[in-house]
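For this one, chain A is given, so just place chain B on it according to the hints.
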Amino acid sequence: DAGVIQSPRHEVTEMGQEVTLRCKPISGHDYLFWYRQTMMRGLELLIYFNNNVPIDDSGMPEDRFSAKMPNASFSTLKIQPSEPRDSAVYFCASRPSGTGDSEAFFGQGTRLTVV
Amino acid sequence: GEDVEQSLFLSVREGDSSVINCTYTDSSSTYLYWYKQEPGAGLQLLTYIFSNMDMKQDQRLTVLLNKKDKHLSLRIADTQTGDSAIYFCAIGDNRLAFGKGNQVVVIP
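Same order as they appear, the protein sequences are chains A and B. Using the numbering used here, read the first sequence as starting at 1 and increasing by one per residue. Using the numbering used here, read the second sequence as starting at 1 and increasing by one per residue.
The shape of chain A in the complex, shown without the other chains:
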């Protein structure tokens, strides 16, 4: 398996534009997570899905952020409109059901810069 695949790796956009980040989880993993990493706040959980259903979106900062998982192999995180303070590295992670050795695998992240 190629692991969790995120695209794009880097995104530079102007304030006000819509940004869509994409994630392909590992096949067979029931859980998918979206995280945001910044120097100030560290790693924050934005939202997670179980079997394509959003379970907890309390970490989504504002209504400008939305996430979907239309099927088991694809998820998107959309920011509309984007703002400079959204600049961060966004990680997608997936894991199978269970705990302990059912580790969460992370993608390489999308570095978003909003100018």
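Because the hints were derived from the structure by calculation, they are not lab data. In this text, a Cβ means the ideal position worked out from N, Cα and C, and glycines have one as well. Treat the hints loosely; a few may be bogus.
Just a few of them, taken from the derived set where beta-carbon distance is under 7 Å, the chain B residues facing chain A [claimed, not checked]:
id, residue
1, A41
2, R95
3, F98
4, K100
Pulled from the structure, derived: some chain B residues nowhere near chain A, Cβ distances all over 10 Å [to be verified]:
id, residue
5, E14
6, R60
7, I107
Just chain B now, kept in the frame of chain A:
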């Protein structure tokens, strides 16, 4: 929600031992984890410990868990330059709560 605290920075000489500490608030998690993030990469699971254990050793890594004090530590023996990274502790069963990470810099 879960609150996970870590110290932010550690420098250590190559060959010495490193100890990274983490405290947490929620003691109901079954497992506690240590993740490593190298520059420009995502997080990778280093090791984990079951909540009813006090210690787990995995080659150069030793995890200590003090449930009474809600304190988790990671010791890296014979630290190498390749150990330079950010280390995150994480708590949780389905949803993981991460600390802000501890940057370890290994000085040759």
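Okay, the hints, checked on the actual structure:
no., hint, verdict
1, A41, "holds (6 Å)"
2, R95, "holds (6 Å)"
3, F98, "holds (4 Å)"
4, K100, "holds (3 Å)"
5, E14, "holds (26 Å)"
6, R60, "holds (19 Å)"
7, I107, "holds (22 Å)"
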